[in-house]
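Novice: Each chain is listed here by its residues.
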Amino acid sequence: MINKHSLLVFLFMFFVHLLGFGQDTLKTLTEVNVTSFERLKSKRLEISSQTISREQILLSQPEDVGVILQKFSGVSLKSYGGLGGLKTISVKGLGSNHTTFLVDGFTVSNTQTGQVNLGQVQTDNVESISLSSGGSNSFLLPVSSYMNGSVVSINTFENNFSPQLFNLRFASRLGSFGEIDTYVSTKFSNKNVFFSAFGKYRQANGNYAYSLRNGKMLYEGIRKNNDLLDWYSGISSGFKFKNNSQLRLIYKTNGADQGLPGAVILYNTMANQRLSTEAHSVNIDFTHQYKSFSSRIFGIFNHDWLHYTDAYFLNNTGGISSRYTNNSAQIGASTQRLIGEQSILFGGIESRYSDLSFSTLNSAVPKRLHSFGLIGFNLNKTNWITEVQVSAQQVIEENKTGERAENRFKVNPFLAIEKKEVGTWKWKFKVWYRNSFRMPTFNELYYNSIGNVKLKPEEANQFSIGFSNQPIQKKMDVFFTLNGFANRVENQILAIPTKNLFVWSMQNIGRVTTLGFETRIDVKKQIKKNWSTELNANYTYQYSVDVSSNKSPTYLNQVAYIPRHTSIIEYSLKRKDVGLQVSSTLSSLRYSLNENIVSNQVKGFALFDASIFSKINFQNKHQFRIQFSVKNIFNLPYAYIRYFVMPGRNYLITLNYALR
Amino acid sequence: MRYVKLVLLVIIFVGCKKKKVSPTDDSISTVEKDRLKNGMMVLCQGLFQQNNSTISWVDFSDGVSDDLFFTNKTERLLGDTGNDLQEYGGKVYVVVNVSSTIEILDRSTGKSIKQISMMNNGIAKQPRSIIFSGSNAFISCYDGYVDVLDTATLTITKRIKVGSNPEQLAISNNKIYVTNSGGLSSPNVDSTVSVINLSSMDEVKKITVGKNPGTIVVDNQGDIYVIARGNYSSIPSRMVKINPILDQVETTFSFDASGIEKMGNRLLINYHNYSSSTSRVALFDAESETILSNSFIDLSKFTTLYGMKYRASNDKIYCFDAMGYSNTGYVRVFSSLGVYETSFHVGLNPSKIIFYE
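First to last, the sequence lines map onto chains A and B. FYI, my numbering numbers position 421 of the first sequence as 421, with every residue one higher than the one before it. FYI, my numbering numbers position 25 of the second sequence as 25, with every residue one higher than the one before it.
These are calculated hints, taken from the structure and not from any lab test. Honestly, I wouldn't trust all of these hints.
[Unchecked claim] Here are the simulated lysine to aspartate or glutamate pairs, EDC-like style, with alpha carbons at most 20 Å apart:
| hint | chain 1 | residue 1 | chain 2 | residue 2 |
| --- | --- | --- | --- | --- |
| 1 | A | K216 | B | E250 |
| 2 | B | K111 | B | D59 |
| 3 | B | K205 | B | E250 |
| 4 | B | K91 | B | D62 |
| 5 | A | K216 | B | E75 |
| 6 | B | K175 | B | D202 |
[What the hints assert, rightly or not] Which residues of chain A face chain B? A partial, calculated answer using Cβ under 10 Å:
| hint | residue |
| --- | --- |
| 7 | V184 |
| 8 | A209 |
| 9 | Y210 |
| 10 | R213 |
| 11 | G221 |
| 12 | G262 |
| 13 | Y312 |
| 14 | L314 |
| 15 | N448 |
| 16 | N508 |
| 17 | N550 |
| 18 | L556 |
| 19 | Y561 |
| 20 | L593 |
[To be verified] Chain B stretches covered by chain A per the calculated footprint, using a threshold of three residues with CB under 8 Å from any CB of chain A:
| hint | stretch |
| --- | --- |
| 21 | 84-93 |
| 22 | 311-321 |
In this text, a Cβ means the ideal position worked out from N, Cα and C, and glycines have one as well.
With the rest of the complex left out, here is chain A (with noise of 0.2 Å):
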């Protein structure tokens, strides 16, 4: 099946090449930025999505990416606390499954579970960051990014190529909690290749006091077995050919080893259960240009695994020790060209096999091919701009040991509309609609009794409608966007307790409807000389509720999770070198379980963070910053998820060098 399979996609792998080199006569382009993937011609306003760059992320220090992907609106984080410790996030009231993750332009992905961990994805490397759901700003990028229901793009500095020809990087964090970090990267980079290496050791004791309310008394207690040992390292490499093509090579691992500290449990404090993970990934592209025609090929080869130990569990062959291996190999091809002046046509294919084996008997061997093709057109007017696109997708699954998934084939359309530029308040507005889905995966369909593999794609449908604006203001600039979304989720992929509390299933129950908006504001001023000030606001209101069957006691309760209202608010203060910056995290209460009761209730926050920063130049070459930071200020008890506690107070000292 499959290799009938692969047959299929070389053939439609030849059309799209055929596509592209049929119309070679065309109009040159300019010159394409490849490394970065910017998009050709005109940048793609940020109604629709937002970037947060290196200097905002030194400023917050986050332990990781999943903190910095809170700042952006439209966002809910879901942490279980702790360093290294599991967290996602959910896009606008969709499941985390439905965002794409895309590092230097690959993406990340993880067949087993569907999510990355994003507490385990470290900054320190990150250049930018970005998040959008309503169009990508590069057409080169793996097809199947353009399918899903959003997409977190991180550009690092390894991987890409530099204007100096030396590079070392350097950064030691001292933190609470006993958190040990150094990293190193060194890069050497001319106009035509680039060698990179980096690595960066992480670990620490992880143990935090905690508050908690137990009925009308305050329980303090000590969060254990948090533990946390991580690494990573990499070398990477790139080379620019005169015939303006460029090929890169990137081999990355990690590795991790923590203890799980699990829920907070009232009266038993045991938690004994362990994580260790490696994976290996190595990923190649090679980028062409030739006149108004640019593609992009590219694979994508991951092997890692994951063991899973539960020393004390009180099964009888005394305890758990449960290991999973995940292969992964996705290949792809991306093309765009452009068509007379304002027109661009693009697409591609790409093809990702996973396989999965369990350590324990019993255990399905599943294995996956997943094809997505997409065409696109991009029609580019002098005030209008259009896309249309159409996605197709093809899932074929094996099991040896036992019954399989059913192999799916969906079509999938989005469509955006762009008003440019407007006037001198500089006025934009967009509106777009998306269909997309996201397969099971393989825990939710194998995975020992719980798993069900009678399960269907879980359906989304997003419509936005947004504006932003930027006025032009002297010694001022203002960013304000305002988007109103409405989304739909079908055949929600829950667990839920089926034949008893203890065997619990994936059932496809659950339909979801969100309706909210976000909004930003983003102010940068020059107060006078040498002091600048800069404000960055954000809001998000869902309405995001159960509206499974009108009979259920949680018809229109607002879902598990999802705070109705969430706010960033971050302001700092610079003068030449030195600066400061306090943020404060809002989240309104959320529930643990889909019906609104007050036993349900989590409660919602309001943290504060402040950091003060020096940077120090030496001959313009050596560049030292050194930061202090305190998080959660006020010391303030709270919970993403129930009994998930966060820590209290904790302070950190950064230091990081760059040659310049």
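We have chain A; now place chain B onto it with these hints.
Specialist: Leaving out everything else, chain B in the frame of chain A:
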């Protein structure tokens, strides 16, 4: 001046107190007021890792449920996954599985007498069910033991080794019968019932009954009925009868059965079909050992039938509706002829009841 005010305040306060009824009358009325009557205590299991197990107190005079009953009485939460609620000798025993505690309450007031932490060298024993005999309580613990609790001193005096993940207990012919589920080793579950001699307090035998034994009850003749739950798919869930003299399986009944509740000398046998998601309750005569009715209770009002409790004093059947396990549930009341009467809204996943006259 400040002191004068203070003294005045004290005088007024004391004076007011004196105007009240005499102290003895006061304490009697308080005791009387606190005394629980004409209602039911319902243990609601909550959900794993949410510490939201509760006890609801339903007042039969107005049908209103106080879902914060335990917290109002003790100022703290019950914990995670309460699994059993039983009364004995003027006390109420609550077995809290994941928190690994036994909560002992005064039966008449609901106030806390003691919380026993069920830990063994730092490892949670995970208690499941409790039964009583003489001056002892016997508690099945998921770590493969039955703990003996002295009901006078409220201390654990002995641990009796049994099979894996023991679930429920029943007493007949001076012996305790314990269902060893082995549920945490699924799919390699246990299939035995351990027999503990009440005099020696040791396991004397293991009887093989079928995969994943759960519910166990004793009829008026002393016969023991066990549900062997099978594997929820190819191996069906069956009721098995054990002879308490020979300690042998006497009959494996051919009908489907998931749980048993004793009603006089008849058994209410519920069955849930997982593939069709349908339930039914049959009526079984324990003397003739025959099914009297295949569909005794009309379950059309139910979302998730989660167990039953027969109350002899008013001859009614109280059924639990777990409402899909993630919504707060109901206790639905039926006459002993299986006719629906009323429902009480309670907490999340109701599963056990103690009645108050």
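Novice: Grab the minimum C-beta distance from A/L593 to chain B and call the hint holds if it beats 10 Å, violated otherwise.
Specialist: holds, 5 Å
Novice: Within the stretch 84-93 of chain B, is the number of residues with a Cβ closer than 8 Å to a Cβ of chain A three or more?
Specialist: violated (count 0)
Novice: With 10 Å as the cut and Cβ atoms as the points, is A/G262 at the interface with chain B?
Specialist: holds, 7 Å
Novice: With a cut-off of 20 Å on the C-alpha distance, tell me whether B/K175 and B/D202 pass.
Specialist: At roughly 10 Å apart (the allowed maximum being 20 Å), B/D202 and B/K175 satisfy the hint.
Novice: Would the hint on A/L556 be counted as holding, given a Cβ-Cβ threshold of 10 Å to chain B?
Specialist: At 14 Å from the nearest chain B Cβ, A/L556 fails the 10 Å test, so the hint is violated.
Novice: For A/K216 and B/E250, compute the direct alpha-carbon distance and say whether it is at most 20 Å.
Specialist: violated, 53 Å
Novice: Please check whether A/Y561 passes as an interface residue: C-beta within 10 Å of a C-beta belonging to chain B.
Specialist: Violated - the Cβ of A/Y561 stays beyond 10 Å from chain B, reaching only about 13 Å at its closest.
Novice: Quickly compare the C-alpha distance for B/K91 and B/D62 to 20 Å and report which way the hint goes.
Specialist: violated, 25 Å
Novice: Using Cβ atoms only, decide whether A/Y210 comes closer than 10 Å to chain B, and label the hint accordingly.
Specialist: Violated - the Cβ of A/Y210 stays beyond 10 Å from chain B, reaching only about 14 Å at its closest.
Novice: When the nearest CB of chain B is found for A/L314, is that gap smaller than 10 Å?
Specialist: With Cβ-Cβ at 5 Å, under 10 Å, it holds.
Novice: Mind checking, does the stretch 311-321 of chain B have 3 or more residues with a CB under 8 Å from chain A?
Specialist: violated (count 0)
Novice: So if I understand the rule, the pair passes when the alpha-carbon distance is 20 Å or less; does A/K216 with B/E75 pass?
Specialist: OK: A/K216 and B/E75 at ~5 Å, within 20 Å.
Hint violations for this structure: numbers 1, 4, 7, 8, 9, 11, 16, 17, 18, 19, 21, 22, all remaining hints satisfied.
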